[in-house]
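Use the sequences and the hints to build the structure in full.
Protein sequence lines, in the order shown, are assigned to chains A and B. So the number in my numbering is just where the residue sits in the first sequence, counting from 1, plus 6. So the number in my numbering is just where the residue sits in the second sequence, counting from 1, plus 171.
Hint data in this document are derived by calculation from the structure and do not stem from the laboratory. This structure is a prediction, so every number in the text was calculated from the model and none was measured. Only true hints are included.
Cβ pair distances, simulated, as ranges:
id : chain 1 : residue 1 : chain 2 : residue 2 : range
1  : A       : Pro46     : B       : Lys254    : 25 to 35 Å
2  : B       : Gly214    : A       : Lys133    : 49 to 59 Å
3  : B       : Asp253    : A       : Glu468    : 30 to 40 Å
Listed below are several chain A residues computed to face chain B (Cβ distance under 8 Å; list not exhaustive):
id : residue
4  : Arg15
5  : Lys18
6  : Phe384
7  : Val385
8  : Asn388
9  : Gln390
10 : Ile391
11 : Ala392
12 : Asn479
Note that the Cβ used here is the ideal one computed from N, Cα and C, for glycine as well.
Listed below are the residues making up each chain.
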Amino acid sequence: MNKAGQAIRLKKEILVRIIKAFFSDNFEEQARLIPYAMRPKGMEVPYRCCIYKERAIIKDRTIAGLGFPIEEDDETVSLSTYAHEALERKEISDKNLTVLQAACKGCLTNRIYVTDLCQGCVARPCKSTCKFGAISIVDGRSVIDETKCKRCKMCINACPYNAIVKITVPCEDSCPVGAIHKDETGFASIDYDKCINCGKCTMACPFGAVHERSQIIDILKAIKSDKKVIAMIAPSIAGQFPGTIYQMKAAIKKSGFDDVYEVAQGADVTANTEAKEFLERMEKAEKGEVGESGKVQTFMTTSCCAGYNELIKKHLTEIKPYKSDTGTPLYYTAQIVKKEHPEAITVFVSPCVAKRAESYDNPNVDYVMNYEELGALFVALNIQIAELDGEKYEVESSKQARNFGITGGVAESVKASLKEEDAIKPFVINGLDKDSIRQLKKFAKSGMCEGGCNLVEVMCCEGGCIGGNATINNQKTAKKQIDKLLEESEDIKKID
Amino acid sequence: MENKKITVRVCVGTTCFVMGGANLQELNDIIPRKYGDKAEVLGSNCLGLCSINWEYSKAPYVKIDEDVVSEATTEKVLAELDKKIAEQSKE
Numbered sequence: 007m008n009k010a011g012q013a014i015r016l017k018k019e020i021l022v023r024i025i026k027a028f029f030s031d032n033f034e035e036q037a038r039l040i041p042y043a044m045r046p047k048g049m050e051v052p053y054r055c056c057i058y059k060e061r062a063i064i065k066d067r068t069i070a071g072l073g074f075p076i077e078e079d080d081e082t083v084s085l086s087t088y089a090h091e092a093l094e095r096k097e098i099s100d101k102n103l104t105v106l107q108a109a110c111k112g113c114l115t116n117r118i119y120v121t122d123l124c125q126g127c128v129a130r131p132c133k134s135t136c137k138f139g140a141i142s143i144v145d146g147r148s149v150i151d152e153t154k155c156k157r158c159k160m161c162i163n164a165c166p167y168n169a170i171v172k173i174t175v176p177c178e179d180s181c182p183v184g185a186i187h188k189d190e191t192g193f194a195s196i197d198y199d200k201c202i203n204c205g206k207c208t209m210a211c212p213f214g215a216v217h218e219r220s221q222i223i224d225i226l227k228a229i230k231s232d233k234k235v236i237a238m239i240a241p242s243i244a245g246q247f248p249g250t251i252y253q254m255k256a257a258i259k260k261s262g263f264d265d266v267y268e269v270a271q272g273a274d275v276t277a278n279t280e281a282k283e284f285l286e287r288m289e290k291a292e293k294g295e296v297g298e299s300g301k302v303q304t305f306m307t308t309s310c311c312a313g314y315n316e317l318i319k320k321h322l323t324e325i326k327p328y329k330s331d332t333g334t335p336l337y338y339t340a341q342i343v344k345k346e347h348p349e350a351i352t353v354f355v356s357p358c359v360a361k362r363a364e365s366y367d368n369p370n371v372d373y374v375m376n377y378e379e380l381g382a383l384f385v386a387l388n389i390q391i392a393e394l395d396g397e398k399y400e401v402e403s404s405k406q407a408r409n410f411g412i413t414g415g416v417a418e419s420v421k422a423s424l425k426e427e428d429a430i431k432p433f434v435i436n437g438l439d440k441d442s443i444r445q446l447k448k449f450a451k452s453g454m455c456e457g458g459c460n461l462v463e464v465m466c467c468e469g470g471c472i473g474g475n476a477t478i479n480n481q482k483t484a485k486k487q488i489d490k491l492l493e494e495s496e497d498i499k500k501i502d
Numbered sequence: 172m173e174n175k176k177i178t179v180r181v182c183v184g185t186t187c188f189v190m191g192g193a194n195l196q197e198l199n200d201i202i203p204r205k206y207g208d209k210a211e212v213l214g215s216n217c218l219g220l221c222s223i224n225w226e227y228s229k230a231p232y233v234k235i236d237e238d239v240v241s242e243a244t245t246e247k248v249l250a251e252l253d254k255k256i257a258e259q260s261k262e
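Okay, here's the thing in structure tokens:
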């Protein structure tokens, strides 16, 4: 669940208003009025210096909600024009995140800093503990030389007065690949060549300055047209809303979709296919055959997490030979849906922004709607999920497939697909950060995983997809809800 | 007058849940621990407050006895509850 609290609530409220505007008799005018409706004249100013800045920031957030990059806005274009252009738009962009620089605080630079609490003690443990000679004593107090400091934090731990602190830039700190930085203006900007779309910065920024570029208008347009529109819901959704996944199907149909598929259906294919691939790879390794990496490959990694796949593409090509060639659950589900309904528009309902990148590259997925956007759609249309009668799915998915969105669940499903489950020794990477990326690099270099493990499950978000940047529920209750569904579900089919 | 138990109703209708009510579920743990038998917390179907005149923007809602807390956060609910309990013990 998102830690940015009220900032996230703001984003959701804007989405609700955009959707309400879309369904009104004058979308463009109602879109233009959003900042004024949310910050009417005379209202107490909640966050910024004045009501005008509040409105300017809400306007920018609305631009992202309409699917455009905030960075390119020059402030002269009205929201009604953006709304009009969103209606005219035929194609979506491959850039999924946008930074609202006016909301960005321009946080103090990331560094280690000695505060006034420094007592200028005689022992000087900070100075003696620093391996880089970065600390000197000036006028009886410790001072850090920025050019020498490596931010190892040893001095922070050494100071008995807790006088030394790390000043953090939350977005920079959260990014596992160094793709977001304060630029020359002092405000955050994203390097899209490096960005793996993990969405961690959107959760980390307490000002809610990083936005997803929404495709909600494109989706609503499709719903309004006479085309058939089919939603494919990610397994983690089972823990996100009040109500069952069967009531979810009814709710999504009530909001205008023609049909709903569980992506868990594709997860069953992924698990079985990956299990087969695992056996083939391990057989090769046992015979001592060298793999694509030029080494004997004694482990395989999972391949379903979009953030992980982006990481491999942009930063970690050496692990690619170890990644399973099996498609993601979305890949198989979208394939099934397009085969059964070639004329349909497909919308993936997603816990995270990373799947936008995967979907952009997959011709079988037309649009992505995240959980926050789906929630906003329910709010705008006043759909009470828990009060609806549930609807069955044509294909019921397995217990293991429905557990794909929780850390450990994917490895578990591959294991359960095998007759001899003990053949698999899983190693679970629960969240990508600098440490776990280092770990993966080490595995790739040696061709071996730690402790004789042979299946590495990688999930970009801590906790799994239930920790995705666009989730609504907290992980504890989300897991409880999913566990309840698992109890009612059948075990996965084993491979021959 | 003997103090009666205060009832906290957390709305789990779709609107409240989406707009931040999901986070209020932690009250289920906090309130019994902090207040013992002075207060009880209940989930509630849609309280109907969000449908009044575009007022969804004030969701999530919590009802403490008959008083409504709008744009509820855990901190806000606990502060209201403290106030209420202090008033009760004065009476």
